[in-house]
Amino acid sequence: MPQSYSVKYPPSAVVDFVIVGSGAAGGVLAKELSVAGFAVVVLEKGPRLRPEQFAHDEYRYLFQNEIGFKTPVTWREHAKQVATPASFNDGMRGIWAAQVVGGSSVHFTANFWRFRPVDFDERSRLGAIPGASLADWPISYDDLEPYYTKVDWEVGVSGAAGGWGEPRRSRPYPVPPLPVKSAGVLFERAAKKLGWHPFPAPMAILSRPHNGRGACQSCGFCMGYGCEFGAKSSTLASMIPIAERTGRCEVRANCHVRKVELDAKGRATGVIYFDAQGKEQLQRARAVVLACNGAETPRLLLMSKNKHFPQGLANSSGMVGRHLMFNGGAIVPGLYEHPLNEYKGVQVTRIALDWYDSDAKRGFYGGGGLDARADLTLPIFWGLAGGAPGQRNWGSDYKAFLAHNFTRQMSVMGHTTSLPVESNTITLDPTLTDGHGLPAIRVTYRDHEDDLKMTRFMQERAREIHVAAGARQVVDFPVGVSTSAAHLLGTCRMGNDPKTSVVDRFHRTHDVRNLFICDGSSLVTSGRGQPTMTIMALAFRAGEHLAAFARRGEI
Amino acid sequence: MTISRRVFLAGAAGVGAGWLLLDWAQVDAALAHAAHAVQQRPAPPFTHLAPDEAAELAAVAARILPTTDTPGATEAGVIYFIDRALGAEQRKALPTMRAGITDLRRRAARRKPGTTTFAALPAAHQDAILAEIEQGEFFQGMRFATMVGMFGDPSHGGNRGGVGWKLLGFEHRASYEAPFGYYDAEAARRR
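So the sequence lines, in the order shown, correspond to chains A and B. Residues 1 to 555, numbered by my numbering, are exactly what the first sequence covers, in order. Residues 1001 to 1191, numbered by my numbering, are exactly what the second sequence covers, in order.
Everything labelled a hint here was simulated from the structure, so no lab data went into it. Keep in mind that a hint or two might mislead.
Chain A stretches covered by chain B per the calculated footprint, using a threshold of three residues with CB under 8 Å from any CB of chain B [to be verified]:
{"hint": "1", "segment": "170-182"}
{"hint": "2", "segment": "383-394"}
Derived coverage of chain A by chain B (criterion: at least 3 residues anywhere in the stretch with Cβ under 8 Å from a Cβ of chain B; other residues may be distant) [stated by the list, open to error]:
{"hint": "3", "segment": "56-63"}
{"hint": "4", "segment": "111-121"}
{"hint": "5", "segment": "270-278"}
{"hint": "6", "segment": "335-346"}
All C-beta atoms in this analysis are idealised placements derived from N, C-alpha and C, irrespective of residue type, glycine included.
Construct all of the structure, not just a fragment, from the sequences and the given hints.
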């Protein structure tokens, strides 16, 4: 398989930007910077897959992690505990991210909710929250709005303007919502009955051809899978082809960066990586951009410690790896009289965000939303986890249950805020290593009590939807502390104060003038459960500023 | 995130040592082998399990998803998925499987003196034994393997003729068009 699709820079080349990671942020930055005229090398740890290589094969994708996260992870709740290995392959604990050109934008579900003004200045509105380090962003919704619009149009989002409480938007959606499913119909009917305000889900999946890409075929293999039709708006489908067509961007797959190099003056000179053959290489660049996600970015900074930065590169604040946020989630499955066939079509078609703002009357901090979704409604997963807790999950009764209800189920999911808590961290595991002998990612995480209360609150609303929609049976799972994560946020937070943040409002690290970070780690707050659109919007904005800095010689 | 919680809380998390460990070096060859094996009629011999081992594991799978008025693990050829996988991407689970077989036979002999195999026991006795061990690594691994062998892609060696998918009503087409289900069809009619 070819690893290079366009320009190929010689090993000795000093490019303008080396970008580590090709996902939601890295893919957008690669396109923005190469279109702006700069020489760009993107280093991606995972392989590059052609569209026809994305198979509708649950065993390979969901249970063998074919495009999934390969970095070993250990997990604990508190710093006093010894973290133990947590693999998504084994019991589905740990980190669920994709390791492939396009990153997790390849396998995401594609819920694209814009953040709202409140997400950027909630600290000022609400004051301090005990046990958390809630902070305002150094930018506002209005600063980011033009870039959300770029995501809508350039990356490609389906939706209908005018959803409940929608913040100002400068343009409508480029393509209409995807066709509503039975779950969406039941959800909308029930939510209206309850006095709430459901509306069509904004999804980064094209309902109609747009920007030369085709429309969704409703195959149902979105969450956890790559889209062979190119209808899902991954950076692999939307941004990377444009970057490569400039003739200035080289995306190198299977390249694993282990260190950011600094010169004696404290300037970044490039990155050291293992190439596809496992050989160590140095890619030199005028500026280094990290976009590896909220777990791998702090890991790389911590692995890049040197005499200038003994506690990790760009970590004079001690904030690298801190304030890890996952978003809370409560899934409530329900069974219905007639077939819904939720395995057909995109995962989500209707949402409601009536609980977006934190409300003191609830007695705790938090905001959230609901969606109706096909929650991994594919056959193997259904066989393993279709039953309710306590129900015998083998034998002839169980088989009859599986056969009758496979087509008759849907889930309602509550999505919620996670508070930034300083002791929730990504650090380097002291003992476990990966195949290159590099330290594993160690997660230390315990949800803030308000996060758990908010998740339970949304779980109750989800149950109300099922009851109002006439479900025959509603399945309850207890809400507990997080044992896995798909959203990796906040670990190199953005801020004006170098003592309490890692990057400034332009994604430049406070400590190293030509080192930039843009990915989920930049987020100061978690939003209400769907961070990827904001990560992409930040990347469009960062791309514009980085290009301006480079033109002015300020890198 | 929640998908994991659902797997956990539905009691599906303990999939058994080794059953999900990844070994991609093996997978391409294994898939080619499986594709070939699936085409063979009559059923090919087992490649990694001894016939008596395969008979025991097939008997367990047949109680996890029994043959009733509809096909079960036996008709889906779940054992052929298990045999193939234990020689390839799931080979680290083989010791657990073999230890499990030994344990089953011991329990079978205790329950019905003179019995030498689990497979020879009446179904009610088999179910009683499986209920004793259902929290253990062996059974959880077998439950996982049975679900994959019943409901996974036939290219992996099980789900023969797509019987698992037919049982559920899963069409497995590359694309679909709205209306997808009863309620959206009904709503479209009303409009």
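Hints versus structure:
1. Requiring three or more residues with a Cβ within less than 8 Å of a Cβ of chain B, the coverage given for the segment 170-182 of chain A holds, as 4 such residues are present.
2. Counting residues of the segment 383-394 of chain A whose CB falls under 8 Å from any CB of chain B gives 9; the rule of at least 3 is met.
3. Look at the segment 56-63 of chain A against chain B: 6 of its residues bring a Cβ nearer than 8 Å to a Cβ of that chain, three or more, so the hint holds.
4. With 0 residues bearing a CB less than 8 Å from a CB of chain B, the segment 111-121 of chain A misses the requirement of three and the coverage assertion fails.
5. Given as covered by chain B, the segment 270-278 of chain A fails the check, having 0 residues with a CB less than 8 Å from a CB of that chain where 3 are the minimum.
6. Proximity of the segment 335-346 of chain A to chain B, defined as three or more residues with a beta carbon under 8 Å from a beta carbon of that chain, is established by the 9 residues found.
Violated hints, listed in ascending order, are 4, 5; each of the other numbered hints is respected by the structure.
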